[in-house]
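Here the protein sequences come in this chain order: A and B.
Mapping the first sequence onto our numbering, position 240 (from 1) lands on 248, and the numbers just tick up by one.
Mapping the second sequence onto our numbering, position 24 (from 1) lands on 439, and the numbers just tick up by one.
Hints may contain errors.
To be verified - Label-pair ranges, simulated between beta-carbon atoms:
#1 B:Arg492 / A:Gln103: 54 to 64 Å
#2 A:Arg13 / B:Gln740: 51 to 61 Å
#3 A:Glu98 / B:Glu618: 47 to 57 Å
#4 A:Gly20 / B:His662: 51 to 61 Å
#5 B:Arg647 / A:Val91: 53 to 63 Å
#6 A:Glu98 / B:Arg492: 26 to 36 Å
#7 A:Asp154 / B:Arg492: 50 to 60 Å
#8 A:Ala34 / B:Glu542: 32 to 42 Å
#9 A:Val104 / B:Arg526: 38 to 48 Å
#10 B:Ser461 / A:Glu98: 16 to 26 Å
Note that these hints are calculated values from the structure, not bench results.
Backbone N, C-alpha and C fix where the C-beta goes; we use that ideal spot for every residue, glycine too.
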Amino acid sequence: MADRRRWADLAGLSPFLLYVAIFLGAPTVVLAVGAFRGPDGWTLENLHAAFTGVYGDAFVVSTELSLISAVISAVVGLAVAFVIAAAPEEGPLRQVVSTASGVLANFGGVPLAFAFIAAFGPVGMVTRWLSTNGVDISSFSLHLFDLSGLVVVYLYFQIPLMVLVILPALEGLRPQWVEAARSLGSSRWQYWRLVGGPLLFPPFAGALLLLFANSFASYATAAALTSGSIPLVPIQIGQVMSGNVAAGQENVGKALGLGAIVLVALAMGGYGWAQRKTTRWLR
Amino acid sequence: MTVLINEKAASISLTGITRSYGAVRAVDGLDLEIASGELISLLGPSGCGKTTALRIIAGLEQTDSGTVVVGGKDITRTPANKRDMSMVFQSYSLFPHLSAADNVAFGLRLRGVKPAVRRRRAIELLELVSLDHHADRYPSELSGGQQQRVALARALAVEPKVLLLDEPLSALDAKVRIQLRDEIRTLQRRLGITTVFVTHDQEEALSMSDRIAVMSNGRLEQCGSPAEIYSRPATPFVAEFIGSMNHVPGIADGATVTVSGSRLPLSVPGSGAVTVLIRPEAVRLTDDPNGNTTITTISFRGPVTRVIGRLDDGTPITADLPSVQAASFAEGGRVHVTYAEEPVLTKAAD
Ligand SMILES: Nc1ncnc2c1ncn2[C@@H]1O[C@H](COP(=O)(O)OP(=O)(O)O)[C@@H](O)[C@H]1O
Ligand SMILES: [Mg+2]
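Bound-form chain A, shown alone (with noise of 0.2 Å):
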């Protein structure tokens, strides 16, 4: 009974988990099996040369990149979070803030590059316009073409990400809990270190993943801002793909595509986990 009842749950499923094994399980087994793969049969020599050398050097500047972005985007955002919650719920600063973040979170790529190269470009208008008025921000101008430019461009669409994930959290937090925490003899402080801090931490933590993941699969804008001088993992699976490297590396660009799933999966792993935990505290 029990088992008909999950396989008609299946069949239900069955649009999506057709399109989930399309476009997501194909190609991942194709780059699974294609990373193992030499000239001459089974073989871990992608593997080896997509963590080593250049490829590897990109594994460390995509997670440096990314770990960067999302810790400071994780601490900024839910220091915003925590404003907007505090603000009354049908006042002007919430409404405003929540749909800025849902458009500004999906911001990316080309446009958002196009954005900050003409605001604050060597060129941009801002630049011009400050250095008018005698403040030099050409030091900053140049940077954006590097990796700390990078952190700064992908703060843009990674704190209000944050914002996105963690304003429910904090909404979450009942005043009662609060107020039962006061009766009971709870200062302000131990309120956060002994009943907020720990109904937080996990869906900070998954905010925190969530964030990393989305910055280290990042490609367009880094592309469009950095024409691909900064060695980013997305980028070099591009030009792999693109064929702009020696011949029979295609399957170490499925080797380092694995890696970078592998990685996203983790992290998204944890973001699941932080999820269920939440979501059973509140149910």
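Take the given structure of chain A and dock chain B with the ligands to it, following the hints.
Below, chain B with the ligands alone, put in the same frame as chain A:
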């Protein structure tokens, strides 16, 4: 089981408590004396200021004017976490990431009690509410009634001077509500803890309280024992809020009123056309073909039978009779209505 007599129970004295939100006077000049060890209910319709009054006692809300004195000490400006009171909310107040036992032990943890000691104490308190076998469950794994029991145990664990309950039963279904109501009362008696119980449910207040403070529009209407409140309501508001009332037209003449041909004493003197408030159990019926009333409905309710009729002037009238007496009446029959000779309250005639 360990005996848990509360030695800290304290009296409460509220004087001139007023709290406004913008133009709304949530509490308006409330004076109330609560004796040590007493269970008093704040009863009134939704929005009458019960919660606000309770939160002012708890220190979760500040009063605009007036004083809160507990155990002889003025604590009007003392922060909530220094008041030594605990509060039980309507629902969802347990910390969701802590087991039942850890929730109960929370206040002890704040007081630096060692883990083993507070665990033992938490289990004792869970025994008190018959939940020690669920000590390690999380709130999401407990029913609504069980969650409220844990919340009660958590509040009692710190041996507060005062226990404050804000409609703790109103989110529960009827059966659990009645059971838990009796448990709270038993426990409160046993511990002798001063308790303020907020409810909009008159039956709950009548069955649990030593005294009831009836509120409306932020003001105290009447404070007295359940029997006093029920049988000698001070104002028409109290009379109508507690139990049910017939509204019968009458003519007041100083200290008495003439209603359906009977003369009754007035609680408050009046004159002219009025609406007289009469309890269903104060209505007397006698079989009489020349009477003043026709019976429309008879419904049996166990020991009591409710007889509904219509006076000849069209006024509906409800009588609650002992079922043995009601047996002689029939739907459609003619009866004569009179009323018990008790002081009655009146309102302006509709
Ligand atoms: N924080 C608040 N802000 C604005 N108005 C409030 C607030 N708390 C209570 N009120 C108002 O005060 C009145 C009394 O509320 P409350 O004490 O909650 O009543 P009760 O508990 O008897 O239902 C209501 O009109 C309510 O709308
Ligand atoms: Mg209330």
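Problem set entry | Structure versus earlier hints - violations, ascending order | 1, 3, 8
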